[in-house]
Every structure is written in C-alpha cells, then in structure tokens.
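Enquirer: Sequence order for the protein chains is A and B.
Counted from 1, the first sequence has number 78 at position 79 by numbering that gives the first Met the number 0; the numbering is strictly sequential.
Counted from 1, the second sequence has number 71 at position 72 by numbering that gives the first Met the number 0; the numbering is strictly sequential.
The hints are simulated quantities; they were obtained by calculation from the structure and are not laboratory data.
For each residue, glycine too, the CB sits at the ideal point set by N, CA and C.
Take the hints with a grain of salt, since some may be wrong.
Said to hold, decoys possible - Simulated restraints on C-beta separations:
{"id": "1", "chain 1": "B", "residue 1": "339", "chain 2": "A", "residue 2": "73", "range": "57 to 65 Å"}
{"id": "2", "chain 1": "A", "residue 1": "25", "chain 2": "B", "residue 2": "287", "range": "24 to 32 Å"}
{"id": "3", "chain 1": "A", "residue 1": "55", "chain 2": "B", "residue 2": "172", "range": "50 to 58 Å"}
{"id": "4", "chain 1": "A", "residue 1": "13", "chain 2": "B", "residue 2": "278", "range": "50 to 58 Å"}
{"id": "5", "chain 1": "B", "residue 1": "278", "chain 2": "A", "residue 2": "3", "range": "43 to 51 Å"}
{"id": "6", "chain 1": "B", "residue 1": "239", "chain 2": "A", "residue 2": "20", "range": "21 to 29 Å"}
{"id": "7", "chain 1": "A", "residue 1": "36", "chain 2": "B", "residue 2": "218", "range": "34 to 42 Å"}
{"id": "8", "chain 1": "B", "residue 1": "207", "chain 2": "A", "residue 2": "13", "range": "43 to 51 Å"}
{"id": "9", "chain 1": "A", "residue 1": "73", "chain 2": "B", "residue 2": "323", "range": "52 to 60 Å"}
{"id": "10", "chain 1": "A", "residue 1": "18", "chain 2": "B", "residue 2": "288", "range": "42 to 50 Å"}
{"id": "11", "chain 1": "A", "residue 1": "67", "chain 2": "B", "residue 2": "207", "range": "52 to 60 Å"}
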Amino acid sequence: MDTKETIHKCSNIKRRDTGSHLILFSLDTGMLLEFNFTAKFIWDICDGRTVEDIQALYAQEFEIGMDDAKSDVEDIIQILKTKGYVS
Amino acid sequence: MANENYYPMIVSWELTNACNLNCLYCFNDSGRAFEDELTKDEIHNVLKSLYDAGVFRIEFTGGEPMMRPDFVDIIKETHKLDFIISVASNGTIINENIASILKEAEVAHVQVSLDGLKETHDYQKGLIGAFDRVVQGIKCLKEHDICVHARMTVTKKNIRQIEEVLKLSASLGVDEFNMMRVWASGRAIDGQLNLNSNEIISLNSEMQRLMELYKKDIGIRYDHCGFFGRESFKPFREHNERLCQCARTTCVIKPNGIVTPCEVLTMKAGDLRVETFADIWRNSPVMEEFRSFNPDNLKGTCGRCSDRNICGGHCRALALIHHGDFYAEDPTCWKVMKNKMTE
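Based on the provided sequences and hints, a complete structural model is requested.
Expert: And the structure:
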C-alpha cells in the first residue's frame, strides 16, 4: 500500500454507533460493516489524511509499535477500499 | 449492537390503523384508527430508541400512514435522525405538500398499491375513484422526482391484468413494479381471492416472461411463487439463509407501540411504551422463537421439500393462523396444494 496515499470516506455511507461497535451501511451496496473500537478509530480519521498519518495516530492512540500499527491500519483500509467505504 | 448475531436493519412501522380504503385482502383489517395509537411525542421517543439500537431504515406503513395528521412532522423528525425512509401508501391522498416534504426528507422510495386497471383496482381497494386518485398520486410523486414502487397484490380477480398494470406503471415513470400474491390472512383469510396451484405456477412463468420483455423499461421484482432458481436468490442459497428476515434483520411496530416480528400476525415481543427497542430486540422470547426456527422441523410437504432451507416454509405466521402450529406446512404453497389433491 502506498503510505502517501490520502484516504477519504465515500459518500452514501450511514453510520450507527452502538457504544462498543460502529456499524456502517453503504447505500450503494446495501451492505453492513461492523467495526470494533480500534477499527472505529481508523474509520473516524479517514478524512483526507495519508495512510502514514493514520498509522502514526493509531500507534499513538493505542500505544503500540509502528510495525503493528502499519499492519493493522493497512488491513482495515484494504477492507474499507474493497467494500467501497473509502477511496 | 443490539444483538450478537442479529442486527435490526429495517423496521416496518404501522403508524396508524386508519385507512380511507377498504381493500379486500387487508391483513390488518384497517379502517379506523385505534384508540391507543402512539402520540406524536411518543413517536419521537421511539425514533430515538430505534436510532440508539442502530436501526438504519424505517418503512412507514399502516393502515394508510398519510392519514395521520402529523405524518409530515413524523417524516421530518425521522429525516433529522438520519434514517433511510420509505413509505408504503395506497397513494390516494398524496398531494403537493406531502410530495415536497417527502422529497426534502430524501425518502428512498414510496410504494403505492396498483392492483389493476380502473374497474379492477377500485373493486379490490373498495373505493370507486381509487384508481384515478392513485394515478394522480404517482404523477405527483414523479413530478417531485421521488422513486416510486408500484405494488400489485395478485388475486384471482386481477391475475390476467399483470401485463397491463406493468405497462401502465412504466408509462407513469414508476421505478419498480413489485408483484406479490395475496396473503390468506385478515380480510382474505377465507381464501376466496387465493390463487390455486396451477395459477401460481403459471404466474411464475408469466413473471419470467414479463421480466424479459420489460426489464429495460422498469425494475421488476416478484414473489418467489415457490421457485428459488432466480439469480437474486443466489446469496441466500450460498449462505444457507432463508428469505424471511423477521426477527433476524427486520421487525414490525404496531400503531400502539407493540413490537412484533411479523406483520401478518401480531405476536407481542414487547411494548415501546415501557421498554427500549434494543431491549426488545435482544431479549424478547418471541424474537428468539423466530430466530431459533429450524426448517428441518417443518411438517408435511414443507418438511419434505428440498427448498425448505431458503423458503423456510414461506410464512410461519400463515402456518400459525391456519394450522395453529409454527411448523405446519404452508397452506398457500402450490406444492402443498398439489399434494393435497393427490392424497
């Protein structure tokens, strides 16, 4: 993944925050996606930042090493891209 | 989330039992408003409860939902809470004001009933002039660029008019034609309007023909009629998921705030006047009964049918209504009818 790439939320996404989980619904695909607390953090900062910025913020928030943060963030962003939630 | 395995994606909400029509097949026997219907303030509280439980979509229905004097306020409030809204209406009281509010509320679609050409429609809807009014209603919605679905409830009386209604719908700019067989419940419980086995089989073939012929002009969806080979059913087949989503992703709110898994038969899962929606969805034994339904326990023809996993015995409420047994065979399936004839 190109870590300089900027990540934006797609339009036509509705969200519901149920406390421990975040549920996203795509109006385009009709599909639901459920996130835990950490994935929810990543989703919230997909606002035009670069992948490496998101990785740095994620590492800071959860006090983990950059290697773990890189892998977690790339996995989540890949899922979001594949399912059409971010571009 | 309100439940570990089942998510309340869509809620169908009967805002009122009041209706200005008298449809021959109404499963709610709608007409007069109930005395204990939710007030506007209570409705606002329920909307918040639905939002907190994570519900995304609300389908307002009735009765005729537009009969409520506060219908427009309810739509505005629902939109404010970022729900996806759809409305099921008989289409006869739609006006400029209602259409413009629905447009502002970004309503996903309005489903209106269209059961036949003039005489047939008026007969099934129990009001002379209903046809002219629904056509006006559709035009009004389309003038406001609102997505319209035409719902045709197919009975013995109108089964020969499907193509004409489909063509009319397309000519009015309707976005989707939606055909359903009549449900043998409510006013139609005596079965007089029901299709027989041969009519159901012919209906399925006819819909396949019409789909090929008109799919470029209008979206078309239709009742499975006991046949499950269609492409649109593929995800259900692949995931061994049954079509009926009652208590799994959907449920119904009655006009008085009672929550029930299924619109055809009220089985009280909870009362929104005293409980939150999330509590009802998560904890109600009635919801659990629907969720723990096992198609392998179906009886009679349904129990022996190779389609029982996807079909789930069609509608379990109908089995309860007609046989008093949640696992009884579906009295409206053509396979069940055929077997009865040979027994």
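Enquirer: Now, for every hint given, state plainly whether the structure supports it.
Expert: Structure-based check of all given hints:
In this structure the hint that residue 339/B and residue 73/A lie 57 to 65 Å apart at CB holds, the actual value being about 60 Å. At roughly 29 Å, the beta carbons of residue 25/A and residue 287/B sit within the given window of 24 to 32 Å. The given range of 50 to 58 Å is respected by residue 55/A and residue 172/B, whose C-beta atoms sit roughly 52 Å from each other. In this structure, residue 13/A and residue 278/B break the distance hint of 50 to 58 Å, their C-beta atoms being roughly 23 Å apart.
The beta-carbon spacing between residue 278/B and residue 3/A, approximately 47 Å, falls within the hinted interval of 43 to 51 Å. Distance hint for residue 239/B and residue 20/A: a CB-CB separation of about 25 Å, consistent with the stated range 21 to 29 Å. Distance hint check: the CB atoms of residue 36/A and residue 218/B are about 40 Å apart, consistent with the given range 34 to 42 Å. Our hint of 43 to 51 Å for residue 207/B and residue 13/A is violated, since their Cβ atoms are close to 35 Å apart.
Evaluation of the 52 to 60 Å hint for residue 73/A and residue 323/B yields a pass: the beta carbon distance comes to about 57 Å. Range check, residue 18/A to residue 288/B: Cβ separation about 27 Å, and the 42 to 50 Å hint is violated. Judged by the Cβ atoms, the range 52 to 60 Å given for residue 67/A and residue 207/B holds: they are separated by roughly 54 Å.
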